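J.: The task is simple: from the sequences and hints, build the whole structure.
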Amino acid sequence: MSHQAYPLRAKLWTPGVLVLSALMAIGAVIIVARFIGGIGYVSNLSTARPWGLWIGVDVASGVALAAGGFTTAFLAHILGRHTYEPVVRPALLTAMLGYTFVVLGLMVDIGRSWAIWKPMFNWNTNSVLFEVAMCVMFYVTVLYIEFIPAVVEQFKGKVNLPGLLGKLNAPSEFLMGLADRILGKIMWVFIIAGVVLSCMHQSSLGSLMLIAPTKLHPLWYTPMLPLLFLTSAIAVGYPMVVFEATIATTSMKLDSEMKVLAPLTRITILLLGLYMSLKIGDMVIRGTYVYLLDGTAQTNSFLIELGLGVILPWLLLLSKKVQTSRRGLFITCTLIVLGVLLNRINVFIVGYKPPLGDSSYFPAIGEILVTVGLIAALMFLYRFIITYLPVFSAPGKEVSS
Amino acid sequence: MELSRRNFFKILGVTGASVVAVKGKARAWESKAPPDPFGCLVDLTRCIGCRKCEQACNDVNALPKPDRSFDDLTILDTKRRPDEKTFTIVNRYYPGKIDERDQLIPTFVKIQCMHCQDPACVSACIAGALTKKENGTVHYNVSKCIGCRYCMVACPFEIPAYEYFNPITPKVMKCTFCFDRISKEGGQPGCATICPVEAITFGKRNTLLKLAKKRIKENPADYIDQIYGENEVGGTSWMYISGVPFEKIGFNKLPSEPMPKLSETVQHSLFSYLWSPIALYGILGGIMWAFRNNGDNTEIENNGGAR
Chain H
1 MSHQAYPLRA KLWTPGVLVL SALMAIGAVI IVARFIGGIG YVSNLSTARP WGLWIGVDVA
61 SGVALAAGGF TTAFLAHILG RHTYEPVVRP ALLTAMLGYT FVVLGLMVDI GRSWAIWKPM
121 FNWNTNSVLF EVAMCVMFYV TVLYIEFIPA VVEQFKGKVN LPGLLGKLNA PSEFLMGLAD
181 RILGKIMWVF IIAGVVLSCM HQSSLGSLML IAPTKLHPLW YTPMLPLLFL TSAIAVGYPM
241 VVFEATIATT SMKLDSEMKV LAPLTRITIL LLGLYMSLKI GDMVIRGTYV YLLDGTAQTN
301 SFLIELGLGV ILPWLLLLSK KVQTSRRGLF ITCTLIVLGV LLNRINVFIV GYKPPLGDSS
361 YFPAIGEILV TVGLIAALMF LYRFIITYLP VFSAPGKEVS S
Chain U
1001 MELSRRNFFK ILGVTGASVV AVKGKARAWE SKAPPDPFGC LVDLTRCIGC RKCEQACNDV
1061 NALPKPDRSF DDLTILDTKR RPDEKTFTIV NRYYPGKIDE RDQLIPTFVK IQCMHCQDPA
1121 CVSACIAGAL TKKENGTVHY NVSKCIGCRY CMVACPFEIP AYEYFNPITP KVMKCTFCFD
1181 RISKEGGQPG CATICPVEAI TFGKRNTLLK LAKKRIKENP ADYIDQIYGE NEVGGTSWMY
1241 ISGVPFEKIG FNKLPSEPMP KLSETVQHSL FSYLWSPIAL YGILGGIMWA FRNNGDNTEI
1301 ENNGGAR
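These protein sequence lines map, in sequence, to chains H and U.
The opening position of the first sequence corresponds to residue 1 in the numbering used here, with each subsequent residue numbered one higher.
The opening position of the second sequence corresponds to residue 1001 in the numbering used here, with each subsequent residue numbered one higher.
Just so you know, these hints were derived from the structure itself, not from any lab.
Each hint should be verified, as a subset may be incorrect.
Computed list of lysine to aspartate or glutamate pairs in DMTMM-like fashion (alpha-carbon distance at most 25 Å, straight line) [to be verified]: (1) U:1171 <-> H:358; (2) H:353 <-> U:1163; (3) U:1079 <-> H:358; (4) H:353 <-> U:1257; (5) U:1253 <-> H:358; (6) U:1248 <-> U:1077; (7) U:1253 <-> H:294; (8) U:1214 <-> U:1225; (9) U:1217 <-> U:1036; (10) U:1210 <-> U:1222; (11) H:353 <-> U:1247; (12) U:1214 <-> U:1247; (13) U:1097 <-> U:1218; (14) U:1204 <-> U:1099; (15) U:1085 <-> H:358; (16) H:11 <-> H:153.
Predicted model only: the values in this text are computed from it and were never measured.
T.: Structure representation (structure tokens):
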């Protein structure tokens, strides 16, 4: 089969990776400072602005941009389009790491990180956040289970731990053998569960703001927020796959996988078109277009989000020239990814203006460094895992595309 | 991936049955407000801005002593908000009324938690650390709190504050309505007992509403015809009457719908008995089964079907 994945075995410590390591180290220092001096010591969060960069980017955007995991799983495993198999595992890895860092970001942001387990035993089923948290918890588990086969493929029959750990060789082999025998038969349970859980919490992330109608700018506040969040997550799934596959294949000098990526972007015309029509339709029906030219920072941010992040890339996707060009597709997909990223930032940060207290907020340098550090750690782990585990299946550059 | 035909039929059957069973039970949103809560009526025409209520609140709740004394009235020159060390504050406004000597008449406004009848914070709280008690209090139980601060995002009055400089065990800080004191027979909140001009009246919310209406009716020249908190966000336990329009003295205009209504309606119509996830699971399962022979189904066996 053409899509047998293999570990890339490329050199790990490239200059880029060293830069990532430095960013991770700086982020780690700030995180230590947060747990010594408190959230206020490293952030600009306040009574009026309790959620900032960490929730807007690390959590909300992290979840949205990990949508490639469930959208490719749906395409390849539920609709059975196995031609897309080569992008499933990279997307799964992004989702797995993305959600892991969502949880890590939350651990920094919430005041009592050690109490994060408490909602499991104190249910508030009225709380949107409770539902989001439960879904994320189950979905992270599902993602890890879905990734087990990659580990088993690599290590089954080859476990040879050094020294005292050698005693664990036999048990590890046994567990992997067990996983190998059982998982194949029941994986469909987890694949469907992953899609269901994703639909639930991707939409509910939008419902989070429904409780604050006086605080969120009318350009974003709509009862349709959950639907817009769900459709935008579905729309950004494949562009995110194209975005990261292009970067990874370029960086690792692999074949560009255009055969798989190009059709993905054709599906995106439909999905992004759906999101775009809902978003514009909602604006027209609620009459919020009256704000569009008032020149405030919020409105301008909305215009950029809609114009450069949704409408422009959608029009670009219609062009045959873009569809067949690797660079064109990459630029278009990057615009879509940035558009959804900006949407989440707009909903949770830019558009959030409480009317009473001091609503000014710009992320502190500490907040930015933590976010950058977490993203650097995610990228480092991604590179580490594709180096040593079978994730990518694109052949090397000698096969011209 | 082996999918047993029988299992899928089972799932589809169960799904279908549960969707039918559950959809019939979807109900309209209902208020969870207590029927006869305590409340406080603040009469802004009486308040003289002495800050005694701030001092009493500080004592009763054993809050840290402020940098500037409670006798220092120059603090009224700046607008303040309650914070993690102060559950209530008084602000001074000059809404434009002038006395006989052409001096601007100040209006003083006490701010604290409004103890909403259907509180947004209670609905939002991920772990049920915030609850609305029968006596009207919006009560915070720190032992359930994880510090997500969604209550602060949700609160339309921007009241809950946070101990941002406590690294490990920070708490949400807000007016407690002196829960322990008012739970005792005849007990009153600290601020209400101290007020020298009886600007704060403690009592049953229904009684206070009657009192407020009586004052407005008997002195129509002194009051504007509105009780802030009667209908705002579905009603609040703390209510205000004033001689000047509320929007001129720092109150925001709020809908009369309770804040949690929309989000709870969306959540419960989608997720009660998990009907929609179960239905989606069934549908996706059906699709997966229908497409099971589309190309090859296993990754290890090499049939080359995908090409």
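J.: So, for every hint listed, does it hold in this structure?
T.: Hint check results:
{"no.": "1", "hint": "U:1171 <-> H:358", "result": "holds (21 Å)"}
{"no.": "2", "hint": "H:353 <-> U:1163", "result": "holds (21 Å)"}
{"no.": "3", "hint": "U:1079 <-> H:358", "result": "holds (10 Å)"}
{"no.": "4", "hint": "H:353 <-> U:1257", "result": "holds (20 Å)"}
{"no.": "5", "hint": "U:1253 <-> H:358", "result": "holds (17 Å)"}
{"no.": "6", "hint": "U:1248 <-> U:1077", "result": "holds (17 Å)"}
{"no.": "7", "hint": "U:1253 <-> H:294", "result": "holds (22 Å)"}
{"no.": "8", "hint": "U:1214 <-> U:1225", "result": "holds (11 Å)"}
{"no.": "9", "hint": "U:1217 <-> U:1036", "result": "holds (24 Å)"}
{"no.": "10", "hint": "U:1210 <-> U:1222", "result": "holds (17 Å)"}
{"no.": "11", "hint": "H:353 <-> U:1247", "result": "holds (18 Å)"}
{"no.": "12", "hint": "U:1214 <-> U:1247", "result": "holds (23 Å)"}
{"no.": "13", "hint": "U:1097 <-> U:1218", "result": "holds (21 Å)"}
{"no.": "14", "hint": "U:1204 <-> U:1099", "result": "violated (35 Å)"}
{"no.": "15", "hint": "U:1085 <-> H:358", "result": "holds (17 Å)"}
{"no.": "16", "hint": "H:11 <-> H:153", "result": "holds (21 Å)"}
Violated hint for the displayed structure: number 14, the only one.
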